Amino acid sequence: MTHDERPPGQGVDRGGGSVAGGDLGCEDAMKNVFDYLDGELPPDYSEKVRRHIEMCKRCYPYFNFEQAFLDYLHDRGVKPARSDELEERLRTLLGEVDTEDAEGCD
Amino acid sequence: MSEKREGFEAEALIHLDGLYGLALRFTGGDDAAAQDLVQDTMLKAYRAWDNFQSGTNCRAWLTTILRNTFINDLRRRQKRPVPVEFDEVAERPIYPQLRETDPEGRFFERIVDEEVIRAIEELPEDFRVPVVLADLEGLGYQEISEILEIPVGTVKSRLFRARRRLQQRLYSYAVEMGYIRGE
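Residue numbers (the working numbering), protein chains in the order written: chain A, 2 to 107; chain B, 67 to 249.
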């Protein structure tokens, strides 16, 4: 694998990074990609990552890519599902609870 | 029909399909288990209905009951959780393969909903549950850590690995379907 083909976060840019400005290197920014996108980094560190990716030609598209993936998951993951069988069974069981309640009042 | 039942049907039962959809994600597509989970949730909610304040967020309340019911059951079943082994190929990032051809990840949008749902369902349970809580329900790491009773670092690591696995799975599907060129 050549340097250019190396996956983000697994490169040799230790600390300073090759393209970016700011006081954070590519490797530090990339290994925190999900923490950053999930809004889980401490505010000052998050700001450092933000400044880094804004100026880094290598990290900026990578962060966008991961954001697109998370947005996709969030939008597509849960769809309502319909089960007439479940609803019918549930209505019967709710009726049984009503009966129990009514008997409890006597 | 009693007043209690009328209120429950109007405010809670209308969320049945949404809860069932969420339950299916939690159970990894196990229909019978999902139906049982929703049934338990709804019965618990109905028995506690007098404590529910009408007009507040009923969907959120039901979701909390469903999630807690599932997690409690999971704990009972998983006395000794077996760690999911690291799979170098399945957990490799896909961005390097797409940096030139699809750096914006447009191919995700071409993948049908059923495929991502299947991909989530096929994740090992230890990975699937944090993904459902974080990516589908939008909960934070700390909250997930408390719900699952695992350290925040473990939540992060499981989410990271689960997301990589999902990406690899969707990437393979997209290559197979001809949406992107494989390498």
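The hints are simulated quantities; they were obtained by calculation from the structure and are not laboratory data.
On a predicted model such as this, the values are computed, not experimentally measured, just so you know.
Think of the CB as a built atom: it goes at the ideal place given N, C-alpha and C, for glycine as much as any other residue.
Incorrect hints may have been included.
[Claimed, not checked] Below, simulated EDC-like cross-link-like pairs (lysine to aspartate or glutamate); rule was C-alpha separation at most 20 Å, straight line:
(1) LYS70(B) / GLU28(A)
(2) LYS70(B) / GLU104(A)
(3) LYS110(B) / GLU77(B)
(4) LYS110(B) / ASP153(B)
(5) LYS80(A) / GLU69(B)
[Said to hold, decoys possible] Chain A stretches covered by chain B per the calculated footprint, using a threshold of three residues with CB under 8 Å from any CB of chain B:
(6) 64-72
(7) 80-86
[Unchecked claim] Ranges between beta-carbon positions, derived for each pair:
(8) VAL148(B) / THR93(A): 22 to 30 Å
(9) VAL155(B) / GLU97(A): 45 to 53 Å
(10) VAL148(B) / GLU101(A): 23 to 31 Å
(11) GLU242(B) / ARG92(A): 53 to 61 Å
(12) GLU187(B) / GLU88(A): 47 to 55 Å
(13) ARG92(A) / GLN119(B): 35 to 43 Å
(14) THR93(A) / GLU187(B): 23 to 31 Å
(15) PRO44(A) / PRO190(B): 30 to 38 Å
(16) GLU101(A) / ASP179(B): 21 to 29 Å
(17) ARG142(B) / GLU88(A): 37 to 45 Å
(18) ASP83(B) / ASN65(A): 31 to 39 Å
(19) ASP76(A) / ASN138(B): 43 to 51 Å
(20) GLU242(B) / ASP99(A): 46 to 54 Å
If any of the earlier hints don't hold here, list their numbers in rising order.
1, 4, 5, 8, 10, 11, 12, 13, 16, 17, 19
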